[in-house]
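Chemist: Modelling step: build the complete structure from the supplied sequences, incorporating the hints.
Residue-level listing of the chains:
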Amino acid sequence: GPKVLQIPSHQIIDMGQMVTLNCDPVSNHLYFYWYKQILGQQMEFLVNFYNGKVMEKSKLFKDQFSVERPDGSYFTLKIQPTALEDSAVYFCASSLLQNQAPLFGEGTRLSVL
Amino acid sequence: TQTVSQSDAHVTVFEGDSVELRCNYSYGGSIYLSWYIQHHGRGLQFLLKYYSGNPVVQGVNGFKAEFSKSDSSFHLRKASVHWSDSAVYFCAVRMYNNNAPRFGAGTKLSVKP
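Going down the list, the protein sequences come from chains A and B.
So in my numbering, spot 66 of the first sequence is number 66, and the numbers just go up one at a time.
One rule links them: number in my numbering = place in the second sequence (from 1) + 113.
Since the hints were made in silico from the structure, they are not lab data.
Beta carbons are placed, not taken as given, at the ideal position from N, Cα and C, and that holds for glycine.
Below, simulated DMTMM-like cross-link-like pairs (lysine to aspartate or glutamate); rule was C-alpha separation at most 25 Å, straight line:
| hint | chain 1 | residue 1 | chain 2 | residue 2 |
| --- | --- | --- | --- | --- |
| 1 | B | K221 | A | E106 |
| 2 | A | K78 | A | E56 |
| 3 | B | K162 | B | D130 |
| 4 | A | K78 | A | E44 |
| 5 | A | K78 | A | D14 |
| 6 | A | K59 | A | E44 |
| 7 | B | K225 | B | D198 |
| 8 | B | K221 | B | D184 |
| 9 | A | K62 | A | E44 |
| 10 | A | K3 | B | D198 |
| 11 | B | K221 | B | D198 |
| 12 | A | K62 | A | D24 |
| 13 | B | K221 | A | E44 |
| 14 | B | K162 | A | E56 |
| 15 | B | K221 | B | D121 |
| 16 | B | K162 | A | E44 |
| 17 | B | K162 | A | E106 |
| 18 | B | K182 | B | E133 |
Distance windows between CB atoms, simulated:
| hint | chain 1 | residue 1 | chain 2 | residue 2 | range |
| --- | --- | --- | --- | --- | --- |
| 19 | B | A218 | A | L113 | 22 to 30 Å |
| 20 | B | Q171 | A | M18 | 44 to 52 Å |
| 21 | A | A83 | B | A192 | 40 to 48 Å |
| 22 | A | D63 | B | R135 | 31 to 39 Å |
| 23 | A | G40 | B | H195 | 15 to 23 Å |
| 24 | A | T20 | B | A218 | 28 to 36 Å |
| 25 | B | V169 | A | L60 | 32 to 40 Å |
| 26 | B | Y164 | A | K3 | 19 to 27 Å |
| 27 | A | S9 | B | Y140 | 30 to 38 Å |
| 28 | A | P81 | B | V173 | 36 to 44 Å |
| 29 | B | G166 | A | M18 | 45 to 53 Å |
Modeler: Set out below in structure tokens:
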């Protein structure tokens with residue numbers, strides 16, 4: 001079936017550096033999401049994105065975070081600069097319709113040293 | 114703001130037992146409720162969802178959930194669990210025609226042989 005792909009599965013960077021997490025959503029999907037999970041615990045909503053715009057963001061979506069999907073390519077989450085507390089697994093999700101349950105990727109583990 | 118509560122952090126049963134994973138929500142408007150499963154180190158997989166109609170919804174792998182407006186609940190049940198059902202289960206709520214799903218803290222289900 002359709003899949004949301006997140007590459008790589010693990011990224012290691014030094015604190016203060018910039019990182020871009022890439023998500024390849026299902027090709028015909030229109031709604032995109034990022035979630036953050038620390039230590040296999042609660043799945044925290046970060047942001048959702050539609051038609052080139054952020055629709056909603058949570059308090060966890062700090063000023064250092066940004067998202068974009070230029071020309072229908074990867075849906076990206078950029079963190080600049082990174083902080084130690086940004087270490088987590090970031091999950092991308094996408095859906096065709098707004099009221100459709102999103103399909104999740106396998107996540108990218110971000111380790112900030 | 115909608116909230117979703119999963120009162121049991123960890124549930125342990127034996128293979129072949131029935132199980133109920135509890136989910137309660139607090140929101141007065143029209144909402145979508147869903148359940149996801151997360152195996153260790155993996156992304157979330159959609160199990161089932163409810164919006165309206167029959168309050169009992171059937172999902173994959175023998176799971177079902179029942180919506181109760183009076184109890185503000187959407188508990189997940191399975192009649193006979195298998196060891197492969199061991200995972201973390203997340204309940205999620207989303208307001209109709211609005212924002213992204215918000216997840217509960219998750220319930221870790223351990224199935225002993």
